[in-house]
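So the sequences go chain by chain: A and B.
For the first sequence, position 375 (counting from the first letter as 1) is numbered 375 according to this note's numbering, and the numbering increases by one without interruption.
For the second sequence, position 287 (counting from the first letter as 1) is numbered 287 according to this note's numbering, and the numbering increases by one without interruption.
Possibly wrong hints are sitting among the right ones.
Because identical chains share one entry, a pair is satisfied inside a single copy or across any pair of copies.
To be verified - No more than 27 Å apart at the CA atoms, straight line, and that leaves these computed lysine-lysine pairs for DSS-like:
1. Lys247 / Lys259
2. Lys75 / Lys5
3. Lys259 / Lys140
4. Lys10 / Lys140
5. Lys400 / Lys121
6. Lys75 / Lys383
7. Lys385 / Lys348
8. Lys400 / Lys5
9. Lys259 / Lys400
10. Lys259 / Lys321
No lab work stands behind these hints: they were computed from the structure.
Everything numeric in this text was worked out from a predicted model, so none of it was measured.
2 protein chains.
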Amino acid sequence: MGLTKINELKNKVGERVVVNGWVHETRDQSKIKFILLRDVSGIAQAIVTDDNKAVFDNIARVPRESVISVGGVVKAAKITNKDVTERDFEVSIDKFTVLSQADTQLPIQVSEKNDTTDLSKRLDYRWLDLRKPRNALIFKIQTAMEMAMREYWVNNGFIEIHSPKLMGFASESGAELFSVSYFDKEAFLAQSPQFYKQMAMASGFERVFEIGPVFRANQSHTTRHDTEFTSIDVEMSFIDSHEDIMKFEERWLVYVIEKLKDRYGKEIKETFGVDLSVPKLPFPRLSLEEVHNMIKETGRDVSYEEDLTPEEERIISKIVKEKYNHEFVFVKEFPWKIKPFYHMRDEKNPKVTKGFDLLWNGLEVTTGAQREHRYDVLLNQAKEKGLNLGSVNFFLNFFKYGCPPHGGFGFGLTRALICMLNLSNVREVTFVFRDIDRLIP
Amino acid sequence: MGLTKINELKNKVGERVVVNGWVHETRDQSKIKFILLRDVSGIAQAIVTDDNKAVFDNIARVPRESVISVGGVVKAAKITNKDVTERDFEVSIDKFTVLSQADTQLPIQVSEKNDTTDLSKRLDYRWLDLRKPRNALIFKIQTAMEMAMREYWVNNGFIEIHSPKLMGFASESGAELFSVSYFDKEAFLAQSPQFYKQMAMASGFERVFEIGPVFRANQSHTTRHDTEFTSIDVEMSFIDSHEDIMKFEERWLVYVIEKLKDRYGKEIKETFGVDLSVPKLPFPRLSLEEVHNMIKETGRDVSYEEDLTPEEERIISKIVKEKYNHEFVFVKEFPWKIKPFYHMRDEKNPKVTKGFDLLWNGLEVTTGAQREHRYDVLLNQAKEKGLNLGSVNFFLNFFKYGCPPHGGFGFGLTRALICMLNLSNVREVTFVFRDIDRLIP
Chain A
1 MGLTKINELK
11 NKVGERVVVN
21 GWVHETRDQS
31 KIKFILLRDV
41 SGIAQAIVTD
51 DNKAVFDNIA
61 RVPRESVISV
71 GGVVKAAKIT
81 NKDVTERDFE
91 VSIDKFTVLS
101 QADTQLPIQV
111 SEKNDTTDLS
121 KRLDYRWLDL
131 RKPRNALIFK
141 IQTAMEMAMR
151 EYWVNNGFIE
161 IHSPKLMGFA
171 SESGAELFSV
181 SYFDKEAFLA
191 QSPQFYKQMA
201 MASGFERVFE
211 IGPVFRANQS
221 HTTRHDTEFT
231 SIDVEMSFID
241 SHEDIMKFEE
251 RWLVYVIEKL
261 KDRYGKEIKE
271 TFGVDLSVPK
281 LPFPRLSLEE
291 VHNMIKETGR
301 DVSYEEDLTP
311 EEERIISKIV
321 KEKYNHEFVF
331 VKEFPWKIKP
341 FYHMRDEKNP
351 KVTKGFDLLW
361 NGLEVTTGAQ
371 REHRYDVLLN
381 QAKEKGLNLG
391 SVNFFLNFFK
401 YGCPPHGGFG
411 FGLTRALICM
421 LNLSNVREVT
431 FVFRDIDRLI
441 P
Chain B
1 MGLTKINELK
11 NKVGERVVVN
21 GWVHETRDQS
31 KIKFILLRDV
41 SGIAQAIVTD
51 DNKAVFDNIA
61 RVPRESVISV
71 GGVVKAAKIT
81 NKDVTERDFE
91 VSIDKFTVLS
101 QADTQLPIQV
111 SEKNDTTDLS
121 KRLDYRWLDL
131 RKPRNALIFK
141 IQTAMEMAMR
151 EYWVNNGFIE
161 IHSPKLMGFA
171 SESGAELFSV
181 SYFDKEAFLA
191 QSPQFYKQMA
201 MASGFERVFE
211 IGPVFRANQS
221 HTTRHDTEFT
231 SIDVEMSFID
241 SHEDIMKFEE
251 RWLVYVIEKL
261 KDRYGKEIKE
271 TFGVDLSVPK
281 LPFPRLSLEE
291 VHNMIKETGR
301 DVSYEEDLTP
311 EEERIISKIV
321 KEKYNHEFVF
331 VKEFPWKIKP
341 FYHMRDEKNP
351 KVTKGFDLLW
361 NGLEVTTGAQ
371 REHRYDVLLN
381 QAKEKGLNLG
391 SVNFFLNFFK
401 YGCPPHGGFG
411 FGLTRALICM
421 LNLSNVREVT
431 FVFRDIDRLI
441 P
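Looking at chain A on its own, in the form it has when it is part of the complex (with noise of 0.2 Å):
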């Protein structure tokens, strides 16, 4: 299509080019007018002086964010602009035409840096929205973030695996559960990939991975919850303990966080203002007692409730940063009280699980274990949370026929992208967000 996109003008300096993307600013002077273009790559600074007549009668015309298709030779910028990203060239117009003209009422601003519209309504413009660089970019870590964690799973052998999102059964506790009309009975859409991956190490897999929706019917109104999101999973069988999978997903982030910070961290400082950095191995590991305890120490109420309270997470991610100068935290020994039917008891303290949870910068972002991989165990355990188990009774049949220990971790793909970008609220980083109000678009 010969068409140069705008981080590549700096390579084609006094030859012409032909440029597509959107007007994000025009300046109208009397003897030069300019016009920021913006693309997916960057934005440039394109002029055109009243010596051509015919465009430059035109191109301020052009209402803000139309698509237009502008050619001209590639020169040094005489004047700076602090909003392009390739400040050096310009590009001096001597054709344009527009590919599509944008209302000259725009619902919500592009452009504006210090955008003060209502969170809301950005997301009925999701959009428009989404054209803001910072935006865009967050998409572009998103994508390079998920291809760094595939890229170490496949290079350590795992499958990859699309688990079933329309199900017989609920998937794990019942609540918070979508029903669907399906022909005449009902289905149910997953909650989690939980089951299915444990059912790929029934199936002799040994690792699986998988990206995908999960749903829960949620009602809340937080920052950090939806009835839609991005579930990372993996499952891993032959291990000794929930030790092994803790290990394995902190060389995974380690992985993942050293090619972010190669690809996208001068980025990410410019724009988020966070410098990102490649935690040490191996991530402080705390049981909730000593997590309690610490809180304590400090001097603050500790709640001693079986789970942390959002409260919690953040100060003991505080403690544990100036203490241990680390962004990350295993918090290991919940009770069984508060865990699922499938997670393993610990054998010297059946009070407590074989599971832990990772915080990163305050956030839970990860719940794992070593899952009950033995039956008569698994059957026990779901009897004693009075699960009904006609609906479990098809997970229980994995276990039948021979199934190695195994174990595995959830991690919240948005969770994750707002605990290391500084942000507060999923709705930032999700493309198209839902809850309880928010179906459109």
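Chain A is already provided as a structure; the job is to place chain B on it using the hints.
Frame of chain A, contents of chain B only:
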């Protein structure tokens, strides 16, 4: 954990190893017992003679498909067993433990080579069915296939998206739609990411991909339909026509098939009898009219319907294979009448769209098109198709504020796998299959 995988035994001759795996088969002779041990990487023979009384007396009693851990020295094999993948070496067992004992009655057999078990029963016990090395291989190939696809996209500047599966309105026709009870409202499951990948074009992402589930309330029981499947989606901006999309797709497939041939060509040949060949560029392109004429020339009946019948898809692929020695063929110039409202019509012949199908060995694996990005034209096309404008209005809005010319395609993962491996049923290549009758496991 110090474990050795079966495909690593060849590097450990003379060493003592620990291998974990499933008891694939047991042969019990008076002086020697043979265990075929299977893990995700292969099958090896392990032997024990009667001078190791403790092991000898117990190991043959372990039911097939139990999971065991075996310790012993790797030696040159005395008797080669044709069922193992590592033929030259065996493990001389000195110790073993049972990690998970299987029921003695297996509902389906895993180690039988000529499996005549009814497919439906195999799917009831899918977790056992997937233990067959042939079936596990399908998912290893799938993993490598998707990884190669993503490499090509990421190397070409694509952004990954996760579009919402819960929608406020029907995504395309309104037919075959699953309804979800969404708090006090109704939601629908996405039949494709179509509207959202086009939204990403309006967002200036320029090139996007998604691999994710789609849902169709399809009542048929054919070998190629299901109610949930994995869709592979691509959308690209600043194209001149659908020809640019076809050019992209054929290069992408060449990259993917090259990678698969390198990694799994040998196994695909041995297991499925298929000699994977990298297709020549460009792929043949035929108009629907040319397809009709070519079928007619062979003396066969032509339906002259507006779409190819499954039988005609098989015939034209056969003709193309004979005439051009090519497994792929693009078919284009389908009537506007049968295509969705968002396809762009051909300026020279508005009766047809700028869309195409891609057939691979007789089966349609792709539908693609340049999309109509002009708001007014798109609105008229929606009206002409008699759509409920209320339910597509949120989509039409994407085109009001500047949207580049764009197009893309959808690609069916399971269809591609059966075309490539010469299989006849998508049930064989779906991890856990869903149709009108099947919601379990």
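Quick rundown of the hints versus the structure:
Taking the closest pair of Cα atoms, Lys247 and Lys259 come within 27 Å of each other only inside a single copy of the chain (19 Å); across copies the shortest separation is 31 Å, beyond that limit. For the identical chains of this complex, Lys75 and Lys5 are intra-copy neighbours only, at 15 Å inside a copy versus 60 Å across copies, given an alpha-carbon limit of 27 Å. Taking identical chains as interchangeable, the C-alpha atoms of Lys259 and Lys140 lie at most 27 Å apart whether they share a chain (13 Å) or sit on different chains (25 Å). With identical chains, the CA atoms of Lys10 and Lys140 are at most 27 Å apart within one copy only, with a shortest distance of 22 Å there and 43 Å across copies.
In this assembly of identical chains, Lys400 and Lys121 lie within 27 Å of each other by CA distance solely across copies; the values are 17 Å between and 53 Å within a copy. In the homo-oligomer, the alpha carbons of Lys75 and Lys383 never lie at most 27 Å apart, since the shortest distance is 75 Å inside one protomer and 48 Å across protomers. For the homomeric pair Lys385 and Lys348, the shortest alpha-carbon distance inside one copy (21 Å) is at most 27 Å, but the shortest distance between copies (68 Å) is not. In this assembly of identical chains, Lys400 and Lys5 lie within 27 Å of each other by CA distance solely across copies; the values are 24 Å between and 58 Å within a copy.
Taking identical chains as interchangeable, the C-alpha atoms of Lys259 and Lys400 are never at most 27 Å apart, the minima being 41 Å within one chain and 38 Å between chains. When the C-alpha separation of Lys259 and Lys321 is checked against a cutoff of 27 Å, the pair qualifies only within one copy, where the shortest distance is 23 Å, while the shortest distance between copies is 44 Å.
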